[in-house]
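Model the full assembly from the supplied sequences, consistent with the hints where possible.
Those protein sequence lines, which keep their order, are chains A and B.
With the numbering used here applied, the first sequence corresponds to residues 3 to 331, in that order.
With the numbering used here applied, the second sequence corresponds to residues 3 to 331, in that order.
Wrong hints could be hidden among the right ones.
No distinction is drawn between identical chains; accordingly, a pair holds when it is met within one copy or between any pair of copies.
[What the hints assert, rightly or not] Listed next, the in silico BS3-like pairs over lysine-lysine satisfying Cα-Cα at most 27 Å (straight line):
1) K259 / K176
2) K282 / K259
3) K290 / K203
4) K37 / K11
5) K290 / K176
6) K11 / K259
7) K43 / K105
8) K172 / K290
9) K33 / K105
10) K37 / K105
11) K209 / K176
12) K172 / K209
13) K7 / K105
14) K37 / K7
15) K229 / K298
For the record, the hints were derived by calculation from the structure and aren't laboratory data.
Each chain, written out:
Number of protein chains: 2
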Amino acid sequence: MVSIKDVAKLAGVSVTTVSRVMNNRGYIGNKTRQKVERAMKELDYHPNQIARALLSNQSYILGVIVPDLGHPLFSELINWIEHYAGERNYKLLVCNSLQEAEKEINYISMLRQNRVDGIIMCSHTLEVEAYNNTNMPIVSFDRILSSSIPYVASDNYRGGEIATNHLIAKGCQKILHISGPLNVELLANRRSDAFQLTCIKSGVDWKIVEGAHVKATFEDNWAFIEKEIAPYLNDYDGIFCSNDIMAYTLYVYAGAKGFQVPDQLKIVGYDYHSFTRMLKNPALTTVKQPLDRIGKALCASLIEQIENGGSNTADHTVYDVELIQGQTT
Amino acid sequence: MVSIKDVAKLAGVSVTTVSRVMNNRGYIGNKTRQKVERAMKELDYHPNQIARALLSNQSYILGVIVPDLGHPLFSELINWIEHYAGERNYKLLVCNSLQEAEKEINYISMLRQNRVDGIIMCSHTLEVEAYNNTNMPIVSFDRILSSSIPYVASDNYRGGEIATNHLIAKGCQKILHISGPLNVELLANRRSDAFQLTCIKSGVDWKIVEGAHVKATFEDNWAFIEKEIAPYLNDYDGIFCSNDIMAYTLYVYAGAKGFQVPDQLKIVGYDYHSFTRMLKNPALTTVKQPLDRIGKALCASLIEQIENGGSNTADHTVYDVELIQGQTT
Chain A
3 MVSIKDVAKL AGVSVTTVSR VMNNRGYIGN KTRQKVERAM KELDYHPNQI
53 ARALLSNQSY ILGVIVPDLG HPLFSELINW IEHYAGERNY KLLVCNSLQE
103 AEKEINYISM LRQNRVDGII MCSHTLEVEA YNNTNMPIVS FDRILSSSIP
153 YVASDNYRGG EIATNHLIAK GCQKILHISG PLNVELLANR RSDAFQLTCI
203 KSGVDWKIVE GAHVKATFED NWAFIEKEIA PYLNDYDGIF CSNDIMAYTL
253 YVYAGAKGFQ VPDQLKIVGY DYHSFTRMLK NPALTTVKQP LDRIGKALCA
303 SLIEQIENGG SNTADHTVYD VELIQGQTT
Chain B
3 MVSIKDVAKL AGVSVTTVSR VMNNRGYIGN KTRQKVERAM KELDYHPNQI
53 ARALLSNQSY ILGVIVPDLG HPLFSELINW IEHYAGERNY KLLVCNSLQE
103 AEKEINYISM LRQNRVDGII MCSHTLEVEA YNNTNMPIVS FDRILSSSIP
153 YVASDNYRGG EIATNHLIAK GCQKILHISG PLNVELLANR RSDAFQLTCI
203 KSGVDWKIVE GAHVKATFED NWAFIEKEIA PYLNDYDGIF CSNDIMAYTL
253 YVYAGAKGFQ VPDQLKIVGY DYHSFTRMLK NPALTTVKQP LDRIGKALCA
303 SLIEQIENGG SNTADHTVYD VELIQGQTT
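Okay, here's the thing in structure tokens:
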């Protein structure tokens, strides 16, 4: 089997230099890099990363746990995480919790067994303790796990404020909010807090209906709206939905029941992921989360912990959000 | 550190039994499984999978290369692959080629270095040789790599036939087809072959315009349609698009230019992924690929090669497709 020494010999450089090229670490001139890469190619050299991981205690693999890989929010986020992890020479093991706590516990155990260097946690299922006990570098998306575990999120409070103020500015008098599941400590719930306080401050009538915990398919949302929201449609003239798929379903539902959007009923969503960007009939009015920057920050925060250790009080990262004016308000 | 022997002792079973529970292999009674799992939990035992991989030469990790994780077709397919791989105790390393050949070559090398047990190849970029030379278990989606590498696909030819016959049955006289990129040997190109032959047999006028190679965003498709398709819109009364995002963009474009769909222009797409299923204004007429069964077959075929070796002539798997009647025809 070809070894790193053979590569160094053919390239006329030291083993350390070959190692630095392979790990993409430290300064290496372009010419040297090319020599090493040519030698690796010529010898068909594939370093055994598993053996290296065992020796170095680093696998350069990040575990990512998401609730649903097929959901446009998470597929887009993973796309960006993969991109930025790749720039730092890390690979992704992806895990789909499907919101099942048992599956998620098994995944954490599996990720530890596979010696991933750290975990990016985008799921909402488990109790916080399960994560606090892992003793691994962790970063979470949109959720506070503990004061020593950094999170990355969009400014959910501001997002709720912007959406609510927009409905009020458009003349809505009675506003309803469809939240996410409120029994889990998600930062996304701050959208609902902001909604409530903004309505109180402005003196408009308001109501919060807790969204269902189901996977967000159109059909699930439709059934939820028919049962929980339909009774309020005659009374309320503005609805702020905590995600775009709910907002779109509501738009279609309202149309089917003869409500004119936006004349009789104004709708604001949240996310602006690939599905929403593609949607033109109607273009949704919504709040944009910067998924590109969130993915980048998740990688940067986790790799910082892996390579330089964590600290007792974590640096959280919060990104501003922006209102996208569409045709539903 | 806790060892497998400690677990066996506490559970009162043999080391072999513990190993079988961990690997989910061979018959294990429910009671025994529970005893072992309880012992593992009590001792907080996490087997070092990396060390085991090095010893056993199996990592239980599958590499998956897709062109774009953010695309609804591939995010849904990965969702299913993850599901079925998990049932067999395999994990996924995902790689996003973004249609760049160099990135894809690096990924294959990286996957070999990490000793993945095999590769599921859903990308379209590389020359076939790069895959034939890997000496690893491989299965491809929608592409013939060689006679010894199995592929899984929907029956693309039949899909093209169904779509074209549907347009003809709806009264179209001049039909245009927007294909995928034709310079890569994709099975998806059989949709275009079927389109052509079906039109010839039926004596209707036809034309094929090769689709752009770009990432399939709405904006890219719009620019493509404006440049390549707009000149034909007055002349043709039916268009078969090789994917749903193109079909949706075309629907919006045609509407903006004053064409009535489906009265003046009928549109059929292909895929029926999560984006299309959610779309209600309009519901697209399209051809459904069974992504659930395709994901299952990709896993089954690859794991069969990993666990029982490949053969000289591969068993390919082709699934039937079905027309979904929407509002665009």
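Verification of the hints:
1. K259 / K176: within (19 Å within a copy, 38 Å between copies)
2. K282 / K259: both (21 Å within a copy, 15 Å between copies)
3. K290 / K203: Classified as within; 24 Å inside a copy, 50 Å across copies.
4. K37 / K11: within (11 Å within a copy, 54 Å between copies)
5. K290 / K176: Answer is within: at 24 Å inside a copy they meet the 27 Å cutoff, but 42 Å across does not.
6. K11 / K259: Neither: 76 Å inside a copy, 65 Å across copies.
7. K43 / K105: between (41 Å within a copy, 15 Å between copies)
8. K172 / K290: within (19 Å within a copy, 41 Å between copies)
9. K33 / K105: between (48 Å within a copy, 20 Å between copies)
10. K37 / K105: between (46 Å within a copy, 19 Å between copies)
11. K209 / K176: within (8 Å within a copy, 54 Å between copies)
12. K172 / K209: within (18 Å within a copy, 48 Å between copies)
13. K7 / K105: between (43 Å within a copy, 26 Å between copies)
14. K37 / K7: Within one copy only: 14 Å inside a chain, 49 Å across chains, cut-off 27 Å.
15. K229 / K298: neither (39 Å within a copy, 35 Å between copies)
The earlier numbered hints that this structure contradicts are 6 and 15.
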